[in-house]
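Novice: Protein chains in written order, with my numbering: chain A, 117 to 680; chain B, 117 to 680; chain C, -16 to 270; chain D, -16 to 270.
Derived from the structure by calculation, the hints contain no laboratory data. A quick note: this is a predicted structure, and the numbers were derived from the prediction, not measured. Here a beta-carbon is modelled for each residue, glycine too, at the ideal position from N, C-alpha and C. Errors might be hidden in some of the hints.
As the list claims (entries may be wrong) - List time: in silico DSSO-like cross-link candidates among lysine-lysine, alpha-carbon distance up to 27 Å:
#: 1; chain 1: A; residue 1: K288; chain 2: A; residue 2: K278
#: 2; chain 1: D; residue 1: K165; chain 2: B; residue 2: K529
#: 3; chain 1: C; residue 1: K165; chain 2: C; residue 2: K212
#: 4; chain 1: C; residue 1: K267; chain 2: A; residue 2: K157
#: 5; chain 1: D; residue 1: K110; chain 2: A; residue 2: K157
Stated by the list, open to error - Derived DEER-like restraints, expressed as beta-carbon distance ranges:
#: 6; chain 1: C; residue 1: D(-7); chain 2: A; residue 2: N627; range: 56 to 62 Å
#: 7; chain 1: A; residue 1: F566; chain 2: B; residue 2: G207; range: 45 to 51 Å
#: 8; chain 1: A; residue 1: N627; chain 2: B; residue 2: E605; range: 35 to 41 Å
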Amino acid sequence: MFYIIGISIVLAGQAGQGIQTVERLLTRILKLDGFHVFATKEYMSRVRGGANSTEIRVSSEPVRAYVDAIDILIPIDKEAMKRLEPRIGTGTLIVGDTSYLGDVNNLLEVPITELAKDLGNKIYSNIIAVGICCGMLDVDMNLAKDYVRTFFKEKDDDIISKNVEAIEVGFKRGKDARDTNLISLDISKDDSIKDDLLLHGGEAISLGAVAGGCNFISSYPMSPSTAVLVSLAQKTEELDIISEQAEDEISAINMALGAWYAGARAMITTSGGGFALMTEGLSLAGMIESPVVMHLAQRPGPATGLPTRTEQGDLALALHGGHGEFPRIIIAPATIEECFYLTNESFNLADEYQVPVIILTDQYTIDSYYNISSLDPTKVENTRHFIKTGEEYHRYTITESGISPRGIPGYGKGLVCVDSDEHDQQGHITENFTVRKQQMDKRLRKLDGFFKNMQEPAYHGSESPGTLVVGWGSTYHAIREAINRVGDESIAHVHYSILHPLHPSTGDILNKAKKVVIVESNATSQFGRYIRAETGIKTDATILKYTGEPFSVEDIVKRLKEEI
Amino acid sequence: MFYIIGISIVLAGQAGQGIQTVERLLTRILKLDGFHVFATKEYMSRVRGGANSTEIRVSSEPVRAYVDAIDILIPIDKEAMKRLEPRIGTGTLIVGDTSYLGDVNNLLEVPITELAKDLGNKIYSNIIAVGICCGMLDVDMNLAKDYVRTFFKEKDDDIISKNVEAIEVGFKRGKDARDTNLISLDISKDDSIKDDLLLHGGEAISLGAVAGGCNFISSYPMSPSTAVLVSLAQKTEELDIISEQAEDEISAINMALGAWYAGARAMITTSGGGFALMTEGLSLAGMIESPVVMHLAQRPGPATGLPTRTEQGDLALALHGGHGEFPRIIIAPATIEECFYLTNESFNLADEYQVPVIILTDQYTIDSYYNISSLDPTKVENTRHFIKTGEEYHRYTITESGISPRGIPGYGKGLVCVDSDEHDQQGHITENFTVRKQQMDKRLRKLDGFFKNMQEPAYHGSESPGTLVVGWGSTYHAIREAINRVGDESIAHVHYSILHPLHPSTGDILNKAKKVVIVESNATSQFGRYIRAETGIKTDATILKYTGEPFSVEDIVKRLKEEI
Amino acid sequence: MDVKDYDIGDIDMAWCPGCGNFSIIKIIKRSLAELEITPSDVVFVSGIGQAAKLPHYLKCNFFNGLHGRSVPVATAIKATNPRLTVIADSGDGCNYGEGGNHFIHGIRRNPDLLHLVHDNMIYGLTKGQASPTSMKGMVTPVQVDGVILEPFNPLTTAIALNASFVARAYCGDQDKAVDIVKEAIQHEGYALVDMLQPCPSFNEINTYKWYKENTYYLEDDHDRTDRSKAFEVATDLDRLALGVLYTREKPTFEGQQQVYSKEQTPLWKRGQHDPDTLRELIKKHRD
Amino acid sequence: MDVKDYDIGDIDMAWCPGCGNFSIIKIIKRSLAELEITPSDVVFVSGIGQAAKLPHYLKCNFFNGLHGRSVPVATAIKATNPRLTVIADSGDGCNYGEGGNHFIHGIRRNPDLLHLVHDNMIYGLTKGQASPTSMKGMVTPVQVDGVILEPFNPLTTAIALNASFVARAYCGDQDKAVDIVKEAIQHEGYALVDMLQPCPSFNEINTYKWYKENTYYLEDDHDRTDRSKAFEVATDLDRLALGVLYTREKPTFEGQQQVYSKEQTPLWKRGQHDPDTLRELIKKHRD
Ligand SMILES: Cc1ncc(C[n+]2csc(CCOP(=O)(O)OP(=O)(O)O)c2C)c(N)n1
Ligand SMILES: Cc1ncc(C[n+]2csc(CCOP(=O)(O)OP(=O)(O)O)c2C)c(N)n1
Ligand code: SF4
Ligand code: SF4
Ligand SMILES: [Mg+2]
Ligand SMILES: [Mg+2]
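All chains, please: the whole structure from these sequences, using the hints.
Specialist: This is the structure:
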């Protein structure tokens, strides 16, 4: 059984040629017209030029993963083609202009640039491309035109009507191709999804943060994490949020800790290099038992690496960064919904356990999206964990749970004393060995209670499978679709969104499988190593990718077939 | 069989009371007189006051580990007593003045302060204490006096003779105690060790570094790592070394990388918090394939922790610090000799494999010493690995070994281009996925060749033991002596000085034992976890200490007896 | 309030006999008492060093964080709860060495803080290496040939950054130091007080005597608003000027935050964000 | 030498059309050519940003390191091999933001470097957030209400730190910029050139036109050794002075190293330390 969901359209051009506008316009129009959509983009670490592209999948059922195969390719310039060559197959229809495409197979010739110029300017090329897709997909034209009008509403009337015309011009070409049976696309529409949401992982995280009560963000820009800083900054008009661009990452994490100390719910967002710089501060959070939420959006390293590409290469850093020993929680959302709900939850967990919570995403998660039905900002109940202090308040009281009631300065009569040195219950420096051990033990038992309410890892398929595929974080949907495509009932899938502490059922789950295959976007199987460190179990095979590209469904299908 | 080597003398007082002078004087005199000695100190994170102490063990055979038991205690003030109380046993002879000691058992009353005042100043108290020890141990008085004269040679004649007098005054008291059979110490002298060396781990590392060709050190002061910076700075008069105190640790590591790039052999020295800050730079070394030697002297964390105490809590950080994936080597010297030879070797390894080499020590290693026969600066052959470049030189040529010949600017006609972004063979930024993978694979295979010449872990005892004790780094001698004391033939001991890559024999070695017990100065058994991640083997029991104190022989004996 | 109200009771102070830090803590207590500031309304933020231990010896809230990082922490505390009196208090090494970047950018932000720097021109706690303010030629165990770096001048730098309050005090002269510190606390905006402090244990050059001989007080008619003049005064290293060199009124960091445009309530008192607003924000993603 | 000698050949340049960086690379090539410096004798050290990509587009040795860290790397390279011409070359965010602490202390060290800062008053590569030098009020996706921080003034700061060469240039005026850069390279010691650069993609305020209207060249009779005067000139933000504002002769960092007191040989040429000296050092530990 070959199980392909809908079609994939790839639009490509230079940075600055409006590929992002195309993506936004087209996915919105399609969704409003009742199509399920998925979109992800890939782009170079530069501002203009180069070759960027966006993949849009359109389907009559939910579609949520990246595929290599391109059904329709609309390149707006030549460079784009070169880069996409490996993905162009015999079934790929290329739409565009021979003037820059040259001699290619399966060409639907549309003189996009010419048509745009006829409208008065080359810049309408991208909107024409949107129109072509709409035409091919038989989109409701009025809806498309309305959307274009709203989209450009800030612009001059003339520009608005030119854009509407561009859509029409493109639409006609697309419809022609359909009418002449050059292409035949049978994707049915589903009216029930018209009110669905379209938002990428970065936005879902920042919405999850505000749902979790986040009211302070301090960060230093770094791709691909900046999306979260930007989207929280944009909300400071409507919401009580302080957003500050720090001079460096070290300042950012220390500000966040100061903010929690004074009663805020603070977060930082960064990428690998910035996180490395923050690890001293992470260790400080461990020592002073400060809550803090840290969003680490991974990109390929080491060092500067590939700033705008994706990887899951910083798990080991998230697990072990920072000197000394202290508890932490690591979460890797697998879906847009989880980006929202788990981020929301992270603020409660950080506050309750007084530990750093690291949200581990990657460029792919940040920049991808698909339609989801809804997000409920009150579904996760927000709990508040600081107390009003009395005169005799001691910040680091020894308790059985390991959690000492947390006061904040200015609320109650007590003094709140926190110290990065080893300290006694009052927060004063100590060199007493017994006190040291008591405080260490107290800190290290804080998460013992965490297990009781811990979400089970997602499990699909037989409980004693022939092959168990293990994944974490952003590979979820690609694995799901790949397993569906392979269509072998003996394959099961377990997926981790809460990485650390590792769910205690892990050993049992893995032991029940004949063969364990792990999928990770890194070169050394960091999660596999971590599972082995925790359970002793070695995965039987690894499916790894570390080129900087996300896993495609085909990547996993191909390797899975080799492994079963 | 109860196996105690020689006696242990503890001298204690406030910071600033000259306890370090005492330690230095006494150990030198004893060694020159033919006694085997061991010394270690513990001190507070302050400059004056508090309570510091030094333990000196004296024996007729080599003695190299810390013990809890105190045979002779000479406190120079009251505070010192309080702190040492847990270590005072029924067999402890306390020497000093009732005026500050009060009512204690086993007191040899010597009015030290009075006697010092008689000599003209309270400050002679510490030298009198040295004299007492010399008297008790029947040291050659002329030798002691000569040594004191040389030791104070920079001082005024008057002060020199007062110090000599102080030694004599103390000596008489010590000898009296001996003559009256109050104490009887039978430790024989060994003339062959008079030329032995006495140097602490910090000094051995810095000598090892210069033997390895180190000619550049950039660092920021941080206890307990500063000793290495100081001792290299002190050598800049005699040797061609640039020593620079950086404005922060980030600058320090980046300077070291700049220095290697331009052809120096550079190192940094730091402790956990500083190392955390350097991890971005560590990752840079990984990416640009720069050699660099990093000395990480551990102290208890998290955060500021206990700045002058000891722990093995930063192994996970050394293993996983830095974002992205790249090879590194981690070495943890177990002896003074290894501090020297393995540091020497580190410069060759870093240079040969173009990787960061982390030398992982701790406060205990840095501040402890015992007599060793010699150190040979030419034993490790220094190899030089950079080449003269030709016009067509490419820094990152793909090679089978993964090692690309390293050029330096100004030597040859080639240009040396290094880049923190992913790069092509020439060192230019790339976003080509294939090139990315090639360069990643190249970097990750660099250490494949490392295994062939890798030193075996030290092994003592039966090859299929009932109990196998696993240790690493600074616990070596304490484990050795503890096993000797327990005297059970079924116990074997394997000890790691090269931690990463882990020796491939590890699984086999551990599997042969009925029970594996690991000894670590941390709370979470980081090396145990690492072994499990590598081999799947879980240690059966852990002997852990994380109070900030070093392991004593007794600690291990007690726990070992429980475990066998 | 009385100076005694800030006493913490019996605590072992880790400073050396004769250290300038003993005077500094007195200066601080007197300043707070004279300004009638309740201990529970003050937050001290320090880094690591001998100076940075000060908050432990005082009745106050404190955040004794990492070496070099007190300014960002203090800035965030003040922004989160502007009702607190926030004092960033640490050593010269901490503030001008490890924390140099935060010094610069902290000034640019202009939070309403007292930034008190114990300037003993040495690294005390780590046993006597040069600090950024150490004088040229000073020999230490690390600077074996003497300091060769140009000493860092915190005052010229702060004036160059157009800091809103720039002062130098000397802890050996408590009355005058109290005046300066009080003014700095009352000043709305970032206020630097570089507090000259002898370190008898490690700094043999800048002794009590040296400070006496090499400092002078600014005249009453010194025009604090004259930036160029203040700069010129600050460049003089032979005679160190004491007093308030420069002030400039400007809006504070926290004062300019959108969150305080309507109400002054500290963030912790505000509760969660309004769910309806969140729902609206989410709905926007329908198209 | 000819400007062409620095051409790297066919390479894809990641800069936007109309960017000031194209002028800067020309200025650099011309300066090097006119000073007859061989490509293999030059090392460029850059950080991360659009500016920091420059060394890739030039025939030279380069160390394109981490964001913010070019100054310590460059300092060490020069100290390790003083025969090389070392140029630290990066953006304003890189040097004054992330790298602010190295900027301060780099100046204090006074290595013989050209420190060239492409000052476009914006973070280019990360798509238009404020940089330390962004003007007040500038609205960006992160500074939604406009920049509220006091802009960082690199020139007043460098003069406050008594830097040995402080200049501002404008890349739109290549001839004059070449003169300034050449002088900075020839200057023995640390030389800051803050190079004003339009960023047509993200900075809509500081355009070519704006720079034309808001800059002027210092008169020939400007006294570069007058620190107070230089400071005053540098404080003026309405009219930005171009040219060399301040110079001060002082010994370089590498020049003061003990290793070069007898011979100038770069470290790599010296081989291992003498084993006999090492043996002596070890023997000292016999007592
Ligand atoms: C990241 C980091 N680096 C280094 C240290 C070690 N350290 C502690 S205090 C100190 C210097 C203190 O000097 P200063 O700030 O002038 O304070 P003082 O002791 O002179 O009062 C240093 C380097 C540290 N704690 N953390
Ligand atoms: C540690 C770290 N933090 C953040 C980044 C992301 N980053 C790359 S370039 C840049 C800003 C560049 O601005 P600037 O230095 O002014 O250069 P421009 O692009 O304007 O030329 C940032 C924040 C990074 N690479 N490393
Ligand atoms: S080291 Fe110096 S500054 Fe620190 S407490 Fe002692 S005398 Fe004071
Ligand atoms: S973003 Fe700005 S500075 Fe960077 S290349 Fe483009 S125009 Fe130039
Ligand atoms: Mg100091
Ligand atoms: Mg810039």
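Novice: Look at each hint and say if it fits the structure.
Specialist: Each hint tested on the structure:
Under the criterion of a C-alpha separation no larger than 27 Å, the hint pairing K288(A) with K278(A) is consistent with the structure, at around 15 Å. The hinted pair formed by K165(D) and K529(B) meets the criterion: a straight-line CA distance of about 24 Å does not exceed 27 Å. About 24 Å separates the Cα atoms of K165(C) and K212(C), which keeps this hinted pair within 27 Å; it holds. With a CA separation close to 21 Å, the supplied pair K267(C) and K157(A) stays within the 27 Å bound.
With a C-alpha separation of about 17 Å, the suggested pair K110(D) and K157(A) falls inside the 27 Å cut-off, and the hint holds. Roughly 58 Å separates the CB atoms of D(-7)(C) and N627(A), a value that falls within the hinted 56 to 62 Å. For F566(A) paired with G207(B), a C-beta distance near 47 Å keeps the hint of 45 to 51 Å intact. Take N627(A) and E605(B): their Cβ atoms lie about 37 Å apart, and the range 35 to 41 Å holds.
In this structure, none of the earlier numbered hints is contradicted; all agree with it.
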